[in-house]
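Residue numbering for the sequence shown follows full-length UniProt numbering, beginning at 1 and increasing consecutively.
Hints are computed from structural coordinates only; laboratory data are not their basis.
Straight line, CA to CA, 30 Å or less: simulated BS3-like cross-link-like pairs of lysine-lysine:
#1 Lys32 - Lys116
#2 Lys116 - Lys42
#3 Lys48 - Lys32
#4 Lys116 - Lys41
#5 Lys116 - Lys48
All of these numbers come straight from a predicted model, not from anything done at the bench.
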Amino acid sequence: MTTDQVTFYRWDDMPEERMTDLISRRFITGDKTMLAHVYLKKGALVPKHHHENEQITYILEGALRFHLGDDQAQEIIVRAGEVLHIPSNVPHSAEALEDTLDVDIFSPPRQDWIDKTDAYLR
1 MTTDQVTFYR
11 WDDMPEERMT
21 DLISRRFITG
31 DKTMLAHVYL
41 KKGALVPKHH
51 HENEQITYIL
61 EGALRFHLGD
71 DQAQEIIVRA
81 GEVLHIPSNV
91 PHSAEALEDT
101 LDVDIFSPPR
111 QDWIDKTDAY
121 LR
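Working from the sequences, and respecting the hints, build out all of it.
Next up, the structure:
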């Protein structure tokens, strides 16, 4: 590997995209993965959706209540310091139980985020 393939980022230098009054995000995209900071104010709702991308969610601050599956019957609360793995195409939704900083890893990168066609979140 040569150094011209390596890229250094600072979160504060990345543009923050406001999705709603309660949700914003920053993300960094590589060839095969995407790393995102998602900022959710208490009460923010992420509607039920699914995607081909495998997702790993790590809560740095706050807490999210996830509902999983077609019927949304499975409920998991993920708090600061905890991680949730969501396999490809599993329907899920989330509610911020408090102000939350959510770190998401997606593989492959979320093309709908890159080209801003993620209408469910806007």
